[in-house]
Amino acid sequence: MAVSNSTEESSWTLRLRQGIDRHLPMDHLLPDRQPYYVGSWVYVFGVVTIAALVWVIVSGVVLSFMGPQWWHDSGVGRFFNSLHFWSVQLFFIFMVLHLWGQYFMAGWRHGRAATWMIGVVIFGISILTAFTGYLSQQNFDAQFIAINAKDAMNGAGIGAFFNVLNFGQMYGLHVMLLPIGITILVVAHIVMVRTRGVVKPIDAEGGARS
Amino acid sequence: MDSPATYFHWGFVLISFPNLVVIGGMIALFAIALITPFPHSKGGDDGSKQ
Chain A
416 MAVSNSTEES SWTLRLRQGI DRHLPMDHLL PDRQPYYVGS WVYVFGVVTI AALVWVIVSG
476 VVLSFMGPQW WHDSGVGRFF NSLHFWSVQL FFIFMVLHLW GQYFMAGWRH GRAATWMIGV
536 VIFGISILTA FTGYLSQQNF DAQFIAINAK DAMNGAGIGA FFNVLNFGQM YGLHVMLLPI
596 GITILVVAHI VMVRTRGVVK PIDAEGGARS
Chain B
304 MDSPATYFHW GFVLISFPNL VVIGGMIALF AIALITPFPH SKGGDDGSKQ
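Residue numbers (our numbering), protein chains in the order written: chain A, 416 to 625; chain B, 304 to 353.
Hints in this document: simulated from the structure, not taken from any laboratory.
Please read all numbers here as calculations on a predicted model, not as lab measurements.
Just to be clear, a hint being listed does not mean it is correct.
Said to hold, decoys possible - The following label-pair restraints were derived from C-beta to C-beta distances:
1) A/542 with B/319: 12 to 22 Å
2) A/427 with B/305: 52 to 62 Å
3) B/343 with A/552: 38 to 48 Å
4) A/562 with B/320: 21 to 31 Å
5) A/432 with B/320: 49 to 59 Å
6) A/432 with B/318: 49 to 59 Å
7) B/317 with A/440: 28 to 38 Å
8) A/525 with B/341: 45 to 55 Å
9) A/435 with B/308: 44 to 54 Å
10) B/337 with A/603: 46 to 56 Å
11) B/322 with A/524: 40 to 50 Å
12) A/487 with B/319: 22 to 32 Å
To be verified - Computed far set for chain B versus chain A, every beta-carbon distance over 12 Å:
13) 306
14) 314
15) 317
16) 318
For glycine and all other residues, C-beta sits at the position ideal for the given N, C-alpha and C.
With these hints in hand, go ahead and build the complete structure from the sequences.
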């Protein structure tokens, strides 16, 4: 159905759709071919990080549904607790390997600075999420960490807003706000990579280091 | 599991054995990823796509 120019200008859905078509066509979003230089195991680190994040979220959802009694006292609960813990270890290990790879190939080149910076922010929020996770274990380790960390938080001047002795605040941050933040930023990170494609190796540009 | 880890102390560097193993493993994995051939890596295009 034809629409007038004024209708087109005022229709935010039309402008959004056209913007998505322009900046993120489907062959960029779900490509079936990659440049030759993507044929390296270094590019797998980011994918493994995402896979680990999926396991972190799945196991975390199960843990939050069943509760601390279950994850401490039952065999299946302890299994999911371990699944959550070890997938977090893999998440951090492969995120750092991905960071090393992108650092040495200068992954921020050619308009990819925002992609790099979002990755840095994801790293920072992930550390905060892991910290609140240690505080949410409901065991003596969590109490020990909270009692010792409170002095650092107070020394930094944020103890009034970020009270590590407040289990409800730490647990709420850990299972709700911080994971939502990480998920949104990871989706943005992936979409930005898909939009611009993988950065070319420095050698493929004739040694240019722009 | 309940006993403290062994720590290494070189100058200002203080690190536990388990952390040293993890970091060493990560560096080894990174090096392996750089030198190990990727399957079907010859079949890619000229880089103009994507």
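Against the structure, the hints:
1. A/542 with B/319: 12 to 22 Å: holds, 19 Å
2. A/427 with B/305: 52 to 62 Å: Given range 52 to 62 Å: holds, Cβ gap about 60 Å.
3. B/343 with A/552: 38 to 48 Å: holds, 44 Å
4. A/562 with B/320: 21 to 31 Å: Between residue 562 of chain A and residue 320 of chain B, where Cβ atoms are some 26 Å apart, the hint holds.
5. A/432 with B/320: 49 to 59 Å: holds, 56 Å
6. A/432 with B/318: 49 to 59 Å: Because 53 Å falls inside the window, the suggested range holds.
7. B/317 with A/440: 28 to 38 Å: violated, 52 Å
8. A/525 with B/341: 45 to 55 Å: With a Cβ separation near 23 Å, residue 525 of chain A and residue 341 of chain B fall outside 45 to 55 Å, so the hint is violated.
9. A/435 with B/308: 44 to 54 Å: Roughly 51 Å apart at Cβ, these two residues keep to the hinted range, so it holds.
10. B/337 with A/603: 46 to 56 Å: violated, 28 Å
11. B/322 with A/524: 40 to 50 Å: About 33 Å separates the Cβ atoms of residue 322 of chain B and residue 524 of chain A, which means 40 to 50 Å is violated.
12. A/487 with B/319: 22 to 32 Å: holds, 26 Å
13. 306: holds, 15 Å
14. 314: Holds: least Cβ distance 24 Å, greater than 12 Å.
15. 317: It holds; residue 317 of chain B is separated from chain A by about 17 Å at its closest Cβ, greater than 12 Å.
16. 318: Non-interface label stands for residue 318 of chain B: nearest chain A Cβ at 16 Å, farther than 12 Å.
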